[in-house]
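Heads up, our numbering is the position in the sequence shown plus 10, with the first residue counted as 1.
In short, the hints are calculated from the structure, not lab data.
Just so you know, not all the hints are guaranteed correct.
Cut-off 27 Å, straight-line C-alpha distance, at most; resulting in silico cross-link-like pairs (DSS-like, lysine-lysine) [claimed, not checked]:
1) LYS137 / LYS149
2) LYS247 / LYS261
3) LYS97 / LYS22
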Amino acid sequence: MDNEIDYQDYHKALQFDQRVTRMGALDHMTSIIIDGLKPREEDRVLDMGTGTGRLGMVLHKKLPHGSVVGIDSGRGMLRVAREKIAKQNIDNFLLVRGMAETLPFLPAAFDSACLMLSFHHFTSPEKATAELHRVLKRKGYLFSLDPVLSEPADSDDRRLNEAIEEAFQEAHGPEFRFFTTSQLRGLYEAAGFSIDICQIHELNFDRKGIESVPMGPHWAQAYGNLAFRRQKDLLKKFEQNYFAFMTEGQKTVVTGKMRWATTKAMKG
């Protein structure tokens, strides 16, 4: 039974890796993180929520005298990452299986840390940020990139954010949570970090295929749920703030924008 579960996890991870490889948006996000992180050649960097190793496969090249340590809880994800590392014979990108909320590392083990599209998957973001603070050296810093929801201005905005989270939880489980920029800042500051940079970026899509949008099927599910419930007021806000989906022949196309926040924070 365990072997069957492992195979299913691996197959899903392989499909995920193949899918994201086709997303030009993720290449752009990877560049933003590495440019923001600015690692020194000898640094030891934690890639928290490494997944199939997409970020680490690029980041390790910046660390000829250092290393990347990628941690993830998914066996399938790590198996795919190990295969990619072995194929290229990389010796400074290491992988560890573990939870973000209980990192298996000594205090002050890393010079810096990075998180790409992973924060929203943590079971306890409060514990995860506290653990990040623990394993970073003094004056160590983190750089994260994660999708964010619009700051709610009224009750309709709050209802829309809840509806979006609900759709993503259907796919990823009840622990999945989106944040606003102010909430992200609050989490890092509560863990003891000082915020150096916290910026909003927008990635625009004009009649693009759904496969080009990070987490596109889940955004489409949120849109479909609102349409099915005939919540026209929220549907209109969704289209204004995020995406509109339409059918062209046999293809679903997307027009709109995805917001994400880049945060650079330092341990005092």
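Original post:
Which of the listed hints are broken here?
Top reply: Those not satisfied: there are none.
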